[in-house]
Structures are given as C-alpha cells and as structure tokens.
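Protein chains: 2
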Amino acid sequence: MASVQVFGSPASTEVARVLTCLFEKEVEFQLIRTDTYKGKNRRPDYLKLQPSGESLTYEDGKSTLVDSRAICLHIADNYAEQGNKDLLGRGRLERASIEQWLRTESQIFDPPSSTLVFYLAFAPLQGIERDEEEVQKSKKELEKVLDIYDKRLNEMSFLAGDKFTIADLAHLPNTHRLMTMVPECAAMFEERPNVMKWWETISGRPKWTRVVDLQKEAPAVA
Amino acid sequence: MASVQVFGSPASTEVARVLTCLFEKEVEFQLIRTDTYKGKNRRPDYLKLQPSGESLTYEDGKSTLVDSRAICLHIADNYAEQGNKDLLGRGRLERASIEQWLRTESQIFDPPSSTLVFYLAFAPLQGIERDEEEVQKSKKELEKVLDIYDKRLNEMSFLAGDKFTIADLAHLPNTHRLMTMVPECAAMFEERPNVMKWWETISGRPKWTRVVDLQKEAPAVA
Numbered sequence: 128m129a130s131v132q133v134f135g136s137p138a139s140t141e142v143a144r145v146l147t148c149l150f151e152k153e154v155e156f157q158l159i160r161t162d163t164y165k166g167k168n169r170r171p172d173y174l175k176l177q178p179s180g181e182s183l184t185y186e187d188g189k190s191t192l193v194d195s196r197a198i199c200l201h202i203a204d205n206y207a208e209q210g211n212k213d214l215l216g217r218g219r220l221e222r223a224s225i226e227q228w229l230r231t232e233s234q235i236f237d238p239p240s241s242t243l244v245f246y247l248a249f250a251p252l253q254g255i256e257r258d259e260e261e262v263q264k265s266k267k268e269l270e271k272v273l274d275i276y277d278k279r280l281n282e283m284s285f286l287a288g289d290k291f292t293i294a295d296l297a298h299l300p301n302t303h304r305l306m307t308m309v310p311e312c313a314a315m316f317e318e319r320p321n322v323m324k325w326w327e328t329i330s331g332r333p334k335w336t337r338v339v340d341l342q343k344e345a346p347a348v349a
Numbered sequence: 128m129a130s131v132q133v134f135g136s137p138a139s140t141e142v143a144r145v146l147t148c149l150f151e152k153e154v155e156f157q158l159i160r161t162d163t164y165k166g167k168n169r170r171p172d173y174l175k176l177q178p179s180g181e182s183l184t185y186e187d188g189k190s191t192l193v194d195s196r197a198i199c200l201h202i203a204d205n206y207a208e209q210g211n212k213d214l215l216g217r218g219r220l221e222r223a224s225i226e227q228w229l230r231t232e233s234q235i236f237d238p239p240s241s242t243l244v245f246y247l248a249f250a251p252l253q254g255i256e257r258d259e260e261e262v263q264k265s266k267k268e269l270e271k272v273l274d275i276y277d278k279r280l281n282e283m284s285f286l287a288g289d290k291f292t293i294a295d296l297a298h299l300p301n302t303h304r305l306m307t308m309v310p311e312c313a314a315m316f317e318e319r320p321n322v323m324k325w326w327e328t329i330s331g332r333p334k335w336t337r338v339v340d341l342q343k344e345a346p347a348v349a
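Those sequence lines, one after another, are chains A and B.
In case it helps, our numbering puts the first sequence at residues 128 to 349.
In case it helps, our numbering puts the second sequence at residues 128 to 349.
Derived from the structure by calculation, the hints contain no laboratory data.
Incorrect hints may appear among the rest.
Identical copies look the same in the list; a pair holds intra-copy or inter-copy alike.
[Unchecked claim] Each computed DSS-like pair below joins lysine-lysine, with the alpha-carbon atoms no more than 27 Å apart:
id : residue 1 : residue 2
1  : Lys212    : Lys271
2  : Lys267    : Lys165
3  : Lys343    : Lys165
4  : Lys278    : Lys266
5  : Lys264    : Lys334
6  : Lys267    : Lys212
7  : Lys334    : Lys212
8  : Lys165    : Lys334
Generate coordinates for the entire structure from the input sequences, incorporating the hints supplied.
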C-alpha cells in the first residue's frame, strides 16, 4: 500500500499542484476522493468552492499537511533522490532562488489569478454575479505580475533559472484555468511572448497533462 | 450529506451498473474511490482485477450490499417514487418478467461476456496470455445468447417489454467494453439487427453516457 495519501479532488487547484509534484517525483500515492452526485442538480459540486478554498489533506505517516506549496516542498525534500531532481534545485543557492519565486507565485500571482478564475471561469457557471471592481483590480495586478515575468523570462527559460522547478509548477493550475476558460485573461499571457513561450513549455509537460486528464472527468456532476 | 455511499471505481463493471441505476433513479449519493498511482509503473491498477471481481460496496444506513444486481433491485425498490419509474416495471407481472431477464443476464450473458472482456480487452494490456479454449467457448456461448436476444428483440423493443428496465441496464457495462475494445465481439452484436438496434438505444441513454464519461478518466494510471 502506498504510504502517501492525498485527500481531495483533482479539480481543485491546490490538489492539482500536489498531484503534479507527486507525478514529477514519481512517488507512489493514493488519491482518495469523495464526489457527491445530486439527484437533479446538474451543477458540479466543486464549482461551489472558491478555487483556493478547496479542501486538501496530505498524509505520509510522518506529516499531515494542508497547504499545497508546503506539501510540494515537503515532497521534493522527502523524495530528493527520485524522479525530477531539479524541482528544488541542486544546491543552496538554486534552492533559495526557487523558494523566492515560489513565494512570488503565492503572494503576487495567486491572489489575482485565483480571483479571476473564480469570477470569470466558475462564477458564470453558478450564476454568481461577478464583482466588477474585484475583477478589474485583479486584472491590473495580473498584468503587472506578467510584465515582471515577461522580463524575467526574457533572461532565462524558467522563473528560477534554466530548469523547470516547483516555482514554475505552482503556476500551472490557475494559469490552465485562465488559458482554457477565460479568453480575456488568456490574451494577457499571449501578448507577452516570453511568458507565452514559458507557458507552452511548462503546460506541455506529460506529468501536468496527466493532471489535466484527471481534471477532465466530470467531478460530481449529477 | 448524501446518505447513500458507493465505494469503488467507475472502471469496474459492477460499480458502473450501480452508478447507472443511481443516475436513472436520480438518487443523491457519494462515490468514494481510492486510486493508487505508482511511481514508474504505468499500468492502470484496475486492469489487474478480473472485471467481475472488482470491489464494490453500497451503504445507505439500512443496508450494506456488495452484489451489483441486488443493489440495483434495492435502489429501484427503495426509491420507487423518483426518477425512472419503469426500471422495475409497474406491476407484479412486469416485475416478474424484468427479474427473470435480470437473472438471464446474470446467468447466461455475464459469464461469457466477462470472460471475453477479461481476455480480449484487459489481458492484452497486461501482457497476460489469453486462454484460447476459454475464449472460443465463451464466444460460442455469447453467440447463442445473442441469438436468443435477437429473437426476443424482434418482438419487443427491450428485453422485458416496451420499456428500458434494470434487465437492459445490467447489460451496459460489459457490452460497452466489448463494443469499444473488442472488434471481433462487436461484430457479433452488429450482425444481429435487433440486438444492434437495442444496443444503440440503451447505450445512448444520457444516464449511461455519464457513467462512460466517468470511466474515461485514467483511473490509477501512473
């Protein structure tokens, strides 16, 4: 039996982040999910959740963790010798840079992108009215972040250097939702050539496309 | 919280039968599944199971059941007043005929079709050698069953009369595997016009295609 257990739905951006990391590190694990199917209500349950507020629990006998980025760091540390060995870099300096860009993702990319995913991808399906002020504010924030990224990615292929790391990985779930469900946000990425080239590279990774396949299921659509 | 809980994978023919019945009856339920993802092993776990030997548990507070047909009967009885009310017929006589055809499915259709699904759909993916004698024997048996069905379906649209019932429903999972994964068996259905018309009708039901969508996920592919 796998000693690593993940409780949650691949539809959650938080869970998707952890699954990608586990696939990259070639860790054996169990995914335990509970989907609720309503009789007549045809709306997916997961749409009722804030993208960033979905439940996630990671257990491996030693640790129980609930924050997706903390979990990714733990997995990369705990399984240092297997799978993708570049996820956390190959030395103290590389690691410092990766952790810094992971904090950047969490602090300045995640808030606006999660808000936009919620209001522009999920809320319309639920009939929730969008908060126009929030949307406009988040769009401006995201544009600024992408400008920083585009400059950075002009100098190197990935955010923390010339290798794909956890810092890039953390961007996959929200960016995927925006690129595939929100044309007006996809345009923001497409307008920035270095960002776009980076996105095409990281979103084509087989470990990630496997997670996309898992998300394609109808989770809790009744 | 849904009081009905189903433990198992939609990939299992047994579980698929129960899910179809729950969708038809518009019953709210929770599906609890555990998928194991191996590090380097790319083989789906479910392929290691005999199609008919997969685990399934149904719980609704009052009952814990493990046989898919018994579960379907229980659901249709327990939720008689909701969803599809024809599944078990509208009277004692209709019900007797439906139960008889359900037994026919279980006793003479299921054994050869399960064997053929195992040896011709799943075994090749696992590198398990086919038992040629078993395969030939099962093919002959299935041909005989389909001859009986073709005659019956010449007289009426569905096995137990002019309505889709549990007796037809029970045939969906194995027939779907044969039709989509085993051309030589699909041909057996296609050669019999009444069987084929029946299959096209029952396999196009939205409640069933929803289960097919759930099966399309990569369950436990690592």
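Each hint tested on the structure:
1. Lys212 to Lys271: neither (31 Å within a copy, 58 Å between copies)
2. Lys267 to Lys165: Answer is neither: 38 Å inside a copy and 42 Å across each miss the 27 Å cutoff.
3. Lys343 to Lys165: both (19 Å within a copy, 20 Å between copies)
4. Lys278 to Lys266: within (18 Å within a copy, 65 Å between copies)
5. Lys264 to Lys334: neither (33 Å within a copy, 42 Å between copies)
6. Lys267 to Lys212: Neither. Shortest intra-copy (36 Å) and inter-copy (54 Å) distances fail the 27 Å Cα cut-off.
7. Lys334 to Lys212: For lysine 334 and lysine 212, only the intra-copy Cα distance (14 Å) is at most 27 Å; the inter-copy one is 45 Å.
8. Lys165 to Lys334: between (32 Å within a copy, 13 Å between copies)
The structure fails to meet hints 1, 2, 5 and 6 from the earlier list, while all remaining hints are met.
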